[in-house]
Structure formats: C-alpha cells, structure tokens
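Keeping the supplied structure of chain A fixed, place chains B and C upon it in accordance with the hints.
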Amino acid sequence: MSIDSIPVRVMAIEQVAPMIREFKLEAIEGRLPAFSPGSHVQVIMPGASREIRNAYSLCGDPATPRRYSIAVRLQDVSRGGSSFMHGQVNVGDQLAITPPANLFAPVMTARKHLLIAGGVGITPFMSYIPELKRKGADFELHYLYRSSQTGAYLDQLQQQLGSALHRYDSVQGNKCDLTAVLSGQGPGTHVYICGPESLIDGVRSTAAALGWPDSLIHFEAFAAPEPGEPFKAQLTHSGKTVDVAADESLLEALEREGVKVPNLCRAGVCGQCRTAVLEGDVEHRDDFLSNDERSSGSCIMPCVSRAAGKHLTLDL
Amino acid sequence: MRMSPKPVQTFRDDFTYSNSPGAVARFPFPFPEDEYRYSVNIEPHVTPGPEGSVFEFLLDIDEHYLSEMAERATVLEENPKRCLAMPHMDLACWDMIERCMTSLAADYPEHFSLQVDGDQWTWENRLLNIKDSFTFGDSSTLPLPPMEYMGRQVQGDFALLDQRDGDLFLDAGIVTCPADWSLAFDAGMSFSEWHGPVPLAHEMGVFDRALKYLTAIPVGRPVRRLNWTLTVNARMDTSPETYPNWGTDRASVTADNVGEKVHLRVELQVLDRMPRSNALMFSIRTFLISFDDLVTNPDWARRMHRVLKTLPPELIEYKGLGRYHDLAVEWLSRFDPAN
Amino acid sequence: MQIDPSIKSRPTYTPPELVATAGLQLFVSESDAEHLLEPLYRQCAESGAQWLVAEPGNAPGTLADSLSGYLQHILNDAPVTTRLYVAGSEGFLWDIRNQALSAGLVDEQIQLAPPISSARRLFCTHCYTLMEGVTASPHTCTGCGRLLLVRDHFARLHGAYVGVQINAEDPDEQPEQEVLQ
Numbered sequence: 001m002s003i004d005s006i007p008v009r010v011m012a013i014e015q016v017a018p019m020i021r022e023f024k025l026e027a028i029e030g031r032l033p034a035f036s037p038g039s040h041v042q043v044i045m046p047g048a049s050r051e052i053r054n055a056y057s058l059c060g061d062p063a064t065p066r067r068y069s070i071a072v073r074l075q076d077v078s079r080g081g082s083s084f085m086h087g088q089v090n091v092g093d094q095l096a097i098t099p100p101a102n103l104f105a106p107v108m109t110a111r112k113h114l115l116i117a118g119g120v121g122i123t124p125f126m127s128y129i130p131e132l133k134r135k136g137a138d139f140e141l142h143y144l145y146r147s148s149q150t151g152a153y154l155d156q157l158q159q160q161l162g163s164a165l166h167r168y169d170s171v172q173g174n175k176c177d178l179t180a181v182l183s184g185q186g187p188g189t190h191v192y193i194c195g196p197e198s199l200i201d202g203v204r205s206t207a208a209a210l211g212w213p214d215s216l217i218h219f220e221a222f223a224a225p226e227p228g229e230p231f232k233a234q235l236t237h238s239g240k241t242v243d244v245a246a247d248e249s250l251l252e253a254l255e256r257e258g259v260k261v262p263n264l265c266r267a268g269v270c271g272q273c274r275t276a277v278l279e280g281d282v283e284h285r286d287d288f289l290s291n292d293e294r295s296s297g298s299c300i301m302p303c304v305s306r307a308a309g310k311h312l313t314l315d316l
Numbered sequence: 317m318r319m320s321p322k323p324v325q326t327f328r329d330d331f332t333y334s335n336s337p338g339a340v341a342r343f344p345f346p347f348p349e350d351e352y353r354y355s356v357n358i359e360p361h362v363t364p365g366p367e368g369s370v371f372e373f374l375l376d377i378d379e380h381y382l383s384e385m386a387e388r389a390t391v392l393e394e395n396p397k398r399c400l401a402m403p404h405m406d407l408a409c410w411d412m413i414e415r416c417m418t419s420l421a422a423d424y425p426e427h428f429s430l431q432v433d434g435d436q437w438t439w440e441n442r443l444l445n446i447k448d449s450f451t452f453g454d455s456s457t458l459p460l461p462p463m464e465y466m467g468r469q470v471q472g473d474f475a476l477l478d479q480r481d482g483d484l485f486l487d488a489g490i491v492t493c494p495a496d497w498s499l500a501f502d503a504g505m506s507f508s509e510w511h512g513p514v515p516l517a518h519e520m521g522v523f524d525r526a527l528k529y530l531t532a533i534p535v536g537r538p539v540r541r542l543n544w545t546l547t548v549n550a551r552m553d554t555s556p557e558t559y560p561n562w563g564t565d566r567a568s569v570t571a572d573n574v575g576e577k578v579h580l581r582v583e584l585q586v587l588d589r590m591p592r593s594n595a596l597m598f599s600i601r602t603f604l605i606s607f608d609d610l611v612t613n614p615d616w617a618r619r620m621h622r623v624l625k626t627l628p629p630e631l632i633e634y635k636g637l638g639r640y641h642d643l644a645v646e647w648l649s650r651f652d653p654a655n
Numbered sequence: 656m657q658i659d660p661s662i663k664s665r666p667t668y669t670p671p672e673l674v675a676t677a678g679l680q681l682f683v684s685e686s687d688a689e690h691l692l693e694p695l696y697r698q699c700a701e702s703g704a705q706w707l708v709a710e711p712g713n714a715p716g717t718l719a720d721s722l723s724g725y726l727q728h729i730l731n732d733a734p735v736t737t738r739l740y741v742a743g744s745e746g747f748l749w750d751i752r753n754q755a756l757s758a759g760l761v762d763e764q765i766q767l768a769p770p771i772s773s774a775r776r777l778f779c780t781h782c783y784t785l786m787e788g789v790t791a792s793p794h795t796c797t798g799c800g801r802l803l804l805v806r807d808h809f810a811r812l813h814g815a816y817v818g819v820q821i822n823a824e825d826p827d828e829q830p831e832q833e834v835l836q
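In order, the protein sequence lines correspond to chains A, B and C. Each residue of the first sequence is one higher than the one before, counting from 1 in my numbering. Each residue of the second sequence is one higher than the one before, counting from 317 in my numbering. Each residue of the third sequence is one higher than the one before, counting from 656 in my numbering.
This is chain A alone, in the form it adopts within the complex (with noise of 0.2 angstroms):
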C-alpha cells in the first residue's frame, strides 16, 4: 500500500566512506515514531523534473530512535536519487520520508546471528548491532567492502565487537571465504546478508551447497533500480498511455501520470505492486515472482522491471 510521509529536516551530514554520506534526520513536527532494527524509510526526494523515492536503511541505535540515520552511496550508473543526496542536500534542508516499514528484521528465537555485509549493505546492520548486544545474543559480522570507496563506520565496529567483526578488505587483498564462515555452525544459526546481488547469489548457493536450509538464510537486496530503455505503458481500463524514460521506473512513471499502484519495498522483493500485463514481453529485475510467474509473462513488479521492448499493455 501507498503511503504519506513525514517531513524531516537534516540535522547533520557525515562523510563515512569515500563514496558513503551519512545524514541525520529530526522530524520537524512531533516526534520520529521509535523502529525495529532492519527497519527502512523511504526518501522522497525532488528530482528535476519529477519526485524520485528511494529506500534506505536506518542505520541507527533503535533506542534512540528521535533521530534517524541513514547511509546515501553514491552510485557510479544511478537514476538520480543518489546523486541528488550527495550533490544537492545540505544541513538545515528539508526533505519527506515514509514511516519505517520492516522487510528483514533480525529472527529474535534465533540461536546464533551470522551478519555478511558487503559495502553499503552494513546499514540494516547498524540498527541490528545495538539491540543484539543489548540482549547478550550470540552474532558475527563479516563485512566486506573495498576502502577506496566503502568501508563505514569500521572503527566503532571494531571496538563494539571486537573478535566478533571479520574485516575484508578488497583493496588490501582480503577475500571472504564463504565456505570457512558457513561450515561448522550449529542450529538455529540464522544467516542475514545485505549488499549487491553478486554477494546474495553466493551466499545463497554456498549455503545450499553444504546442506544449509534456505529458511535460515534471510537477505536484503541493495541495488538502486539500474536505468534501461525508454518505453510506452497502454492502461487498458483508463484506455491511457504513459512514456516511461530510461531514468525512471514503470512506478514512478505510473505515479506521474496520477495511477495510484499499491507498493512498499520500491525494491521488487515485497509484492506489494505486482501489476497483470495483458501484451508485451517483460524484462524482470525483481526477486518476488516464481520462475513460473515470470515465463508466463503475465505480471510484472512495476517498481523494478521494465518491457523487454517497446511496449506494454497493463490491467490498470
């Protein structure tokens, strides 16, 4: 579902990594709402030419929770939304984002947590960290990152967990070996994993390889939409056609036009927009829909995938 936001104002920015900027937000009205570790809001930020929505983790203490963290990384190929955060948001500016939602909160009856961060995907971790210690849990952190561009909030890491934080840095030829972290754990070890795509598939396929249940392997994805090819959207009960550019999602598109579609994660893991396609071939980018559902080529998750051509034809 669709949701209204929260104006907030940038009470602080810092530089955490070469390519990571931190700011943090204070609500201008109220109070923030207090959140779940894992939690995300959404950006909404003023594009160019239309808003652009972006969701972010809350990299913060949930116990402190009056003032919200979150961790931009700037994107080397982006829509905008990164490059809008780093270039053109200053302190004292105000922006709107959505309450906090949870897609990947940590599983509190579990026995052991093993965190794998790579790069930016340290985020949801951060809000993780505070409470797990908090109630004594058992966890461990690896993190990989490359310091020439990522590489946050490495030293309060390093004096929060002590041994319990394995560093690779990729710049100074340390790698992660997968196999090593997943062998040897006991049950109820859960695994959470955060980064790029590449990061998520080896874990993924690692931990199937040595017997690991996929239940236990919990994962959060953490790409920006990647742009592609302009296309056209025809609405079949509005008898519409909306452009969709090469920068902007069929949601966002759809939006613009005023066509309000259910949605959360903005991410292509909820379902929440799964939308029918009545004509068209899809190019999917999402991790919602089963290989079934994506042969079909009768729905698409608007908020990431696109036509494969030219065209669409949409039950909207």
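In short, the hints are calculated from the structure, not lab data. Hints may contain errors.
Lysine to any residue pairs mimicking SDA-like chemistry, simulated, CA-CA at most 20 angstroms apart [claimed, not checked]:
id : chain 1 : residue 1 : chain 2 : residue 2
1  : C       : K663      : C       : Q836
2  : B       : K528      : A       : P262
3  : C       : K663      : B       : Y354
4  : B       : K635      : C       : I662
5  : A       : K112      : C       : N731
6  : A       : K135      : A       : T64
7  : C       : K663      : B       : L631
8  : B       : K635      : B       : L546
9  : A       : K260      : B       : L530
10 : A       : K133      : B       : G453
11 : C       : K663      : B       : H511
12 : B       : K322      : B       : Y424
13 : B       : K528      : A       : E293
14 : A       : K135      : B       : S456
15 : C       : K663      : B       : S355
16 : B       : K528      : A       : P99
17 : A       : K135      : B       : M402
Computed from a prediction, not measured in an experiment: that's the story for all the values here.
Below, chains B and C alone, put in the same frame as chain A:
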C-alpha cells in the same frame, strides 16, 4: 470523551447490561449491503475519526468500561490461562503498553494520564484508581506481567502477532470475550492455521490477500475491519472454554423473546504495527446490541433481516445460529414488508 | 454435528525423502514405525546417521525421559545442516518436532512421515486435559467427563486436535459415535 462509564452491569447470570440511546446511536452496524459475504474488508483506521463515533480514536472507551473490566477480572479469576504471553513476546508486550498508554492519555485525558521521564513512566487510570510508576521495558517493575497489566485496563480482547517469514503468529493475548475461539488452543498458530475453521473464505483467497496486506502495514498506519455474529443474551464470554455454561442459551430463544435475547455482536478489529518489536497489535473490541434496540433504527432492522435471510448455510452453521436462525428471520420480517 | 473434513489447519503429510547434503542424518521413531524410515536409513547408515527409537504409548504431551534426553544430547551438538526424519503416531511426530524447534531447528529441516494410525491426541477445550489414542468422536474427556466432539482443527504446539462439548446446547442429545479418519 463522549460516553462516561456507568456503574457496573453484568454480562452473565442476571444480564443487567443495557445500552443507553447514545450507545445505540454509535453502534458500529457492520453491513454495507443486504447480503453478507466474506471479503478482505480492511481499511485504514485514520484518526481522529468522526467525533463521538467508535472510530474516533485508536482505542474506544465507552459507557461499558467499568462493566467490561469487572467481567474481565471475573474471567481471569476463574481461568488465569485466558491470558498468556510467550517469552519472546516481552518486547511486543511493552510496545502494547506504550501504544495503549500514550493513546488513552491523549484521547481520554479526563480519565488517564501518563508522565514520561526517559524510561521512568508514571501511569494513572482514574476510572480504576490505579497509579503506578515503573521503568519502561523492565517487567519486574510492574505489579503484573505487562500483557495482563495493560489488558486489564482496556476494553476488548487483544492478541499480539509476531511477524516472521512473511507470516503472522498468535504468540500472546488476553482473550476474555471471544466469539468462540480459544487462546489456549490457538496460541502459536500461524495466520491461516488459526483461521482454519472458517468456511468458504480460504477457497476465495481471502486469507492470502489479507495476510499480504497485513504484513505490509507500517508504523503509524493502523487498519481496521468489522466482524460480526449473533449472541443469545448479553454475554461477553462466549469462549469454547465456557461453552458448557452458555450452550443452552441458544436453545432458549422463542418467537416471543427474540427481541430481548438475540444480540448482534460486532467486533471492531484494529491492527497496529508496533515499532520496537515489529509485531502487530490486534485489538478486538466487542459491541453488543439487542434486537429490540437494533430495530429502533428502521434501516438497520430491514438490512439485518435481509442479511440473515440470505446467509449461506455454512455460515449459519459456523456462527452457531442454527437453533434460532429461523425464529430471528421471522421476528425481523415485520420490519421489512417488501420481503 | 458434522466432522468437517476440509479444514485447512489440519496438517498433511508426505513420505520423507533423504536430503543428501545433510551434515547429520537423524532418524527418530516409535518402534512400530521403524519400517517407514528403514529404507532411507540404509542409504546413509555408512556415513554416521543416527537413529533413536521409542516404545509407543508414552504419557500425553511427554516423551519418555530417556528418548527426550538422548535427543537433546544429539541436538545440542548437531550441525546446522542436520536433517531430521520422524515416524510414529501423530502426537509423537509433533512432540519430536517441537523439541527440535526449541533446540533451534526449523521446520524445513524436519520431515514427518504420515502417522501410523488415525488415532488422535485430543485437547479438551474446557479443562485443557490432553488425551491419547482417540479413535472415535464423540469422546468422553478423562479430565472433566464431558462428551467431546473431536474436531479437525489441529494445534502444532500441542500436537493435538481440539474437542468441544458436543451436547452443550441440548444436554439430552445422544449423538452417534463415528470412527475418525
């Protein structure tokens, strides 16, 4: 607050329960159409709602507050296991305390107040003469376990639903006025498991869509829906546990006493995402109105007749109306000459 | 009153299949259900598979101390890639599953074979007593003496079906007994 709590009336034995005209007027009549069918009838619970209505605030307190709290205390005395909370739900129980105390103090300041100084809280409930200071999050500083402490001060049943693996689990609750379900048996069940006995709705995909909607509810955006059944006598505790006590009520309805005995029972269900635990607080607020009072509204009388007349046999059976359904339809027919 | 055969909370079972990648293959059964797991066990007996057997007919809701203790001992040191295969009466299946869950296992790594009989564990919704070996409905509660309709609504944490007084609305009713499927 619109409806001041009145002295204690009973929901058992002599059934002194009554609705004032104001209570009748604000009763949440649940039928938008002449025929009733299952649907995902969930909508945003936007507050403040219409002034004086049952939808005005997150939680509704009305003239029956003292009666319902007395009834709850009686049920728990008879069977303390009507309230339970699994150990991993402690944080969710504290979330519930926060949601209830902050909204009651804000919405009904004449009866409740809350002072917060960091994690040192002081709560006052002037209706029940309660004043307690405690450390938020530390259950050892409360006189009762957190779920029970709060549940004894709010009208309606509560269940706390733990969200895991894209599903919801009934892992804590205080259930003293259910429409025929048992917390002791259902505790720990997933969403589709505890809805297992409901006929027809599974095949319609109602529960799959409802679950998808509910797991996506963010903080600060509660939703609500209405549920209904009929109850003979103004009995709040229609649990399976006490069914041996109230089962014979169903056989006591006659053509002459329908108006006085048969009650429309409506549940205002509110689901609210709780921030620290990510669990859903499921409030089940129960309203009872006798048919005599119901038919003082001619539109309600007509519609109630039509809903009951067209109710599918599976629902008549599931809602336990079999013994008096025909009597009720017959009694209501005089208010619906067209049918 | 009819027993509803189509209730969605009733578990369904499929014959277990061996998961080759398991770090530990663990078999637990009642002695009269061994045949259900034997073919699987033989496929992996060489590689350190373990098998625990219980005598049938333990007190409701509990396992014999020795079996439960042995099982706990194994689970404490088991790898996360353990696969558990269980066979026996329906109540037994869920007791083992519940013990495994408290040791940290998840349902995905537990396979429950179809129960060896249609006998049910019954939970009396009035006095909360659990009864084993119930084969017909209605059934008299051994705790409060009420005559209970045995429903198909099942609770995994109890490993039991719910029973509700069948003649609460008309105590003179004498419903006929039906054999449970």
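Each hint tested on the structure:
Taken as a hint, the K663 (chain C) and Q836 (chain C) pair is honoured in the structure, with Cα atoms around 16 angstroms apart against an allowance of 20 angstroms. Restraint check for K528 (chain B) and P262 (chain A): satisfied, since their Cα atoms lie roughly 12 angstroms apart, inside the 20 angstroms limit. Distance hint between K663 (chain C) and Y354 (chain B) is fulfilled; the C-alpha atoms sit about 16 angstroms from each other, no more than 20 angstroms. For the proposed pair K635 (chain B) and I662 (chain C), the alpha carbon gap of about 16 angstroms is at most 20 angstroms, so the pair holds.
With a CA separation close to 13 angstroms, the supplied pair K112 (chain A) and N731 (chain C) stays within the 20 angstroms bound. The hinted pair formed by K135 (chain A) and T64 (chain A) meets the criterion: a straight-line CA distance of about 16 angstroms does not exceed 20 angstroms. Under the criterion of a C-alpha separation no larger than 20 angstroms, the hint pairing K663 (chain C) with L631 (chain B) is consistent with the structure, at around 16 angstroms. At most 20 angstroms may separate the alpha-carbon atoms for a hinted pair to count; K635 (chain B) and L546 (chain B) meet this at roughly 8 angstroms.
Under the criterion of a C-alpha separation no larger than 20 angstroms, the hint pairing K260 (chain A) with L530 (chain B) is consistent with the structure, at around 19 angstroms. Simply put, K133 (chain A) and G453 (chain B) have alpha-carbon atoms about 16 angstroms apart, close enough for the 20 angstroms limit, and the pair holds. Distance check on the hinted pair: K663 (chain C) and H511 (chain B) sit about 8 angstroms apart at the alpha-carbon level, within 20 angstroms; holds. In summary, the hint linking K322 (chain B) to Y424 (chain B) is supported, as the alpha carbons are separated by about 16 angstroms, within the 20 angstroms threshold.
Using a Cα cut-off of 20 angstroms, the hinted pair K528 (chain B) and E293 (chain A) holds, with the two alpha carbons roughly 18 angstroms apart. Among the hinted pairs, K135 (chain A) with S456 (chain B) is consistent with the structure: their alpha-carbon atoms are about 16 angstroms apart, no more than 20 angstroms. For the given pair, K663 (chain C) sits about 18 angstroms from S355 (chain B) by alpha-carbon distance, which is consistent with the 20 angstroms threshold. Among the hinted pairs, K528 (chain B) with P99 (chain A) is consistent with the structure: their alpha-carbon atoms are about 18 angstroms apart, no more than 20 angstroms.
A C-alpha spacing of about 17 angstroms is found between K135 (chain A) and M402 (chain B), which places the hinted pair at or below 20 angstroms, so the restraint holds.
Taken one by one, the earlier hints all hold for this structure without exception.
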